[in-house]
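**Q** Protein chains in written order, with our numbering: chain A, 22 to 513; chain B, 128 to 225; chain C, 81 to 564.
No wet-lab data here; the hints were simulated from the structure. One should not assume that every hint holds.
[Unchecked claim] Think about it this way: if two alpha-carbon atoms lie no more than 16 Å apart in a straight line, the pair counts; the simulated EDC-like pairs of lysine to aspartate or glutamate are: (1) 156/C with 241/C; (2) 303/C with 316/C; (3) 286/A with 298/A; (4) 434/A with 374/A; (5) 211/C with 276/C; (6) 286/A with 319/A; (7) 310/A with 358/A; (8) 166/B with 324/A; (9) 166/B with 276/A; (10) 544/C with 526/C; (11) 410/A with 150/B; (12) 478/C with 515/C; (13) 562/C with 498/C; (14) 140/B with 324/A; (15) 140/B with 505/C; (16) 156/C with 150/B; (17) 196/C with 515/C; (18) 562/C with 496/C; (19) 274/C with 295/C; (20) 140/B with 150/B; (21) 254/A with 150/B.
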Amino acid sequence: MSEAMELSAAEIARRVNAGEVSAREVTDAALAQIDAVDDRLGAYLTRLHDLARVSAGRVDARIKAGEHLPLAGVPVAVKDNMCLAGTRTTCGSKMLEGWVAPYTATAVARLLDAGAVPVGKANMDEFAMGSSCENSALGKTCNPYDLGRVPGGSSGGSAAAVAAYEAAIGMGSDTGGSIREPAAFCNLVGFKPTYGRVSRYGLIAFASSLDQIGPLARSVEDAALAYDVMAGKDPMDSTSVDRPVEPAATALRSDLRGVRVGIVKQFGTQGLGPEIDSLYRRAYLDLEKLGATLVDVELPTAEYGLATYYLIAPAECSSNLARFDGVRYGLRVDGEDVGRMYERTRAEGFGPEVKRRILIGTYALSSGYYDAYYVKAQKARTMFGADFKRAFERCDLIASPAASSPAFAFDAKSDPYSMYMMDYYTIPISLAGLPALSVPCGYVLPEGSSRPMPMGLQLAAPLFGEAQLLAAANAYECATQHARQRRPEGAL
Amino acid sequence: MSSDNIDIRYVAKLARIELTDDEVERFGRQLGDLLEHVKTLHDLDTAAVPATAQVVESRNVARADAVGRCLEHETVMQMAPQRQGAFFRVPRIISEES
Amino acid sequence: MTQYEAVIGIECHVELKTKSKMFCACPNRFGGEPNAHVCPVCLALPGALPVANEEAILQVIRAGLAFGAEIPAFSKFDRKNYFYPDMPKDYQISQYDMPLAQGGVVRYWLDDGTTKECRLTRIHLEEDTGKSTHAGSGDGRIAHSSYSLVDFNRAGVPLMECVSEPDIRSAEEAVGFLDALKRTFVQLGVSDVKMEEGSLRCDANVSIRPVGSKDLGTKAEIKNMNSFRSVSRAIESEIARQIAVVAAGGRVVQETRGWDELAGTTHSMRSKEEAHDYRYFPDPDLVPIEVDRTVVERLRSLMADLPIARFERYRGSYGLGVAQATQLVDTPQLAEYFDSCVGAGGGGQQAANFVLGDLSRLANETQTPVWESSVAPQDLAELIGLVQSKTINSKIAKDLLLRMWNGGGSPKALVEHEGLAQTSDPGSVERFVDEVLAAHPKVVADYKAGKTNVMGFLVGQVMKQSRGKANPALAGELLAQKLG
Ligand SMILES: [Zn+2]
């Protein structure tokens with residue numbers, strides 16, 4: 022592997038801006054790494070050699086013309102639910118297997134405009150529904166730390182690509198944990214900003230009131246750099262928030278003095294086994310050592326998170342995915358009339374998890390069940406917001422596990438419900454729309470394995486507290502250096 | 128909260144997804160299990176709680192009435208699973224609704 | 081025998097006349113190449129998001145205010161979920177329980193001048209679908225087609241839905257109601273309201289009940305009416321059908337019935353494959369609307385003289401007939417022109433006669449609207465003043481109007497400059513009379529022999545001789561004296 026690929030995004034941008042290396046050289050190194058490892062890893066559904074080289078050329082020309090670009094030459098993996106004009110955008114589904122997007126998502130456009138170079142479209146659970154990438158209909162992605170294990174999901178391709186040095190930044194989307202969980206599984210920083218911070222225009226919707234784009238990176242600094250570029254109001258997304266973005270990358274801290282960190286009573290870790298339990302206790306102690314004050318906080322609704330989420334997200338998805346009907350684009354399976362055509366197209370085009378969620382969501386919205394399920398869940402959602410608000414009166418950040426286990430082996434979770442449980446810690450935060458991230462916090466040895474697997478510490482902040490959140494995560498990361506302790510599998 | 132069993136065939140009809148008998152059985156069971164869990168929400172007293180549709184309370188986001196660019200017609204038609212000239216073509220429509 | 085009355089409610093969809101579509105910047109324009117006015121949003125490409133058109137929201141609020149509807153402080157958009165090939169997202173963005181306007185009353189009039197009222201339930205904002213053409217059958221009908229062709233140019237055009245209470249009692253009233261909506265929306269500039277072109281579409285809920293009863297009968301929903309005339313015919317036919325059903329001892333069933341223009345009857349439409357379950361829920365892609373009270377008050381204060389108020393003023397203050405008042409109200413610019421003329425002193429009835437008579441004829445002949453012609457309403461008022469003061473006679477007035485139309489300027493100036501003022505001086509008129517009598521001895525003889533109907537000819541000759549300036553009444557008097 023070229024040395025350039027081991028550099029952080031911040032360092033790549035610095036060197037490209039300084040003319041020490043060209044964007045084209047960095048891009049070639051990224052493409053070479055992809056060609057070297059991705060046949061085994063499967064992070065990408067589409068490799069963008071031509072587009073990447075053209076983009077890199079453009080970046081070099083802009084640098085030559087005197088521009089300073091915050092992400093100059095940084096190779097980026099774009100999750101395949103984000104539109105990038107002229108590229109295949111599949112959402113990991115047979116439904117869109119051959120669909121070429123005619124427009125570019127706002128968040129992607131902002132990254133590219135800042136000098137980032139798109140090197141590939143990354144694999145994902147179909148329509149972002151899943152926590153392992155196993156729900157992709159188009160490819161299998163492995164965890165770079167153990168090829169026999171999943172990378173997490175749904176942004177598993179972006180996570181694997183960044184962990185395996187096939188990109189410096191990964192773009193992910195998070196609905197119930199889809200950035201934070203794969204980040205934890207792949208020893209990365211995965212950051213979900215406040216709902217509405219980053220435009221969803223061009224992000225293929227799963228659950229509109231929860232979906233949020235964010236970066237996956239090998240350091241907090243890189244995540245902050247990417248966030249600063251992609252955040253901000255977009256006139257094309259009515260739900261994007263019109264509120265100044267506090268720059269995060271320039272406000273990172275090295276200590277936690279004066280920061281009150283809440284430990285949620287209902288998020289206890291004893292149930293996760295002694296090894297994981299002690300890992301998180303040590304993580305909380307590390308926060309304290311950096312100057313933070315630990316306080317106990319309550320989240321009385323915590324146990325209702327999954328139930329609430331698995332009504333709201335499917336309800337929205339049942340409507341969002343109606344447009345995949347075989348009329349205007351994507352897959353069509355013919356039928357003798359238009360109704361049969363719809364039913365066959367959707368039977369063939371959607372995988373089982375997508376079907377399950379469309380069905381549960383259709384049911385929750387249907388006549389006679391709407392109030393009992395959908396409205397009930399919306400009311401529960403209000404309670405999550407209120408609970409967090411109350412908790413944040415006593416603390417500035419909340420710390421918890423990002424996932425309840427390290428990356429698991431393929432096919433280990435055949436029962437949908439056990440897969441849903443992976444998001445136990447991330448879902449309540451998503452329901453409240455809060456900014457949160459996962460930062461590496463050490464390793465555990467999965468049962469029957471000799472390969473230690475990374476774990477993630479989740480930190481969450483009040484609405485729009487992105488800068489404070491990233492600042493604190495940086496202090497923890499710099500003090501602990503967990504991610505530096507292991508590299509992905511030797512072969513990579 | 129309702130204790131009805133989910134009528135998976137009716138729901139699939141609404142969602143326009145053809146299911147095999149095997150899927151009807153499997154999804155029916157899985158969704159039944161999930162609904163059992165979801166019914167724990169019943170324990171939450173939400174009588175005095177308003178519903179949240181969106182977490183960020185924005186209001187009145189609208190655009191000025193100005194015309195912008197459309198997609199190129201050929202770009203649009205190249206996506207069509209089936210086209211006839213400048214039109215998208217679909218199999219015959221049975222419902223009289225329009 | 082039991083006498084029945086009809087109970088009718090109307091639901092109509094009105095396409096708003098904005099520049100761009102409801103949720104995207106594609107032009108709100110018809111015709112041209114199919115699928116040329118589409119973008120990721122209105123074609124429902126993966127990832128695209130709607131952003132509401134502010135002007136469309138304001139237009140619906142204005143429509144509501146025109147009928148005295150309440151504009152609630154809070155409103156939102158919901159998704160109505162159902163699959164249809166010309167609906168790109170397979171849900172329609174609409175408004176379910178919190179429309180932009182609630183209540184209100186439509187006051188309208190019938191051909192005999194009586195005014196009626198129909199309450200509105202609500203007015204809400206939604207988006208239009210694309211258009212399907214049913215092919216492979218030869219007759220363009222959906223039932224026999226083998227495939228359909230879809231054009232999405234219309235998809236996403238802003239659509240205002242107005243729902244009435246069942247206050248209408250006859251086909252004539254239904255048309256009166258629709259006419260009132262049409263006039264009002266045209267005047268507000270929110271829509272063209274052309275039923276034949278599809279910018280107004282309406283359905284009628286029709287039921288019957290014994291006269292005197294307060295209960296509502298079982299209703300049938302009538303669809304596929306594409307002109308005001310077909311609305312009238314369809315409702316009449318449906319009322320007759322329902323009365324016949326009941327008279328024969330049967331019961332009216334609740335159903336949707338299609339109007340068949342050729343057959344002149346309604347027919348039961350195939351019941352749909354499955355029950356409707358639209359699964360409405362708030363659209364998470366759009367944020368709620370909070371209507372500022374000051375905006376509502378500002379819009380209310382800008383509300384111009386509405387058609388019904390105008391109609392009543394024209395009838396009450398100027399004594400215009402129903403037809404003339406309706407004709408004026410139906411063309412708001414003409415009504416404004418008329419109002420300006422009357423405001424400048426032109427008497428109501430005379431102004432109406434000129435505006436709807438000579439001026440409208442000139443407008444037709446020259447393809448120039450009256451309000452864009454070179455005859456300013458003040459000039460017309462001046463002309464009317466000259467006739468009223470008997471300064472000129474009506475024939476001269478007509479000639480002057482033509483010259484004014486052709487850019488002649490103020491009628492007073494023309495009269496003064498060209499000496500066209502009517503001559504009422506008995507001396508000079510007598511001179512013309514004598515000349516005429518001398519020139520037509522045979523006619524004089526005829527008159528004296530009892531053929532008094534030649535008087536008209538003689539007066540005409542005096543007018544001719546005086547180049548139109550002689551006061552015709554005075555000329556007649558003098559002629560009678562001399563022949564007497
Ligand atoms: Zn459009």
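**Q** Indicate, hint by hint, whether the structure satisfies it.
**A** The hints, checked one at a time:
no., hint, verdict
1, 156/C with 241/C, "15 Å, holds"
2, 303/C with 316/C, "14 Å, holds"
3, 286/A with 298/A, "14 Å, holds"
4, 434/A with 374/A, "13 Å, holds"
5, 211/C with 276/C, "15 Å, holds"
6, 286/A with 319/A, "5 Å, holds"
7, 310/A with 358/A, "68 Å, violated"
8, 166/B with 324/A, "12 Å, holds"
9, 166/B with 276/A, "44 Å, violated"
10, 544/C with 526/C, "21 Å, violated"
11, 410/A with 150/B, "42 Å, violated"
12, 478/C with 515/C, "26 Å, violated"
13, 562/C with 498/C, "31 Å, violated"
14, 140/B with 324/A, "33 Å, violated"
15, 140/B with 505/C, "93 Å, violated"
16, 156/C with 150/B, "37 Å, violated"
17, 196/C with 515/C, "61 Å, violated"
18, 562/C with 496/C, "32 Å, violated"
19, 274/C with 295/C, "34 Å, violated"
20, 140/B with 150/B, "14 Å, holds"
21, 254/A with 150/B, "43 Å, violated"
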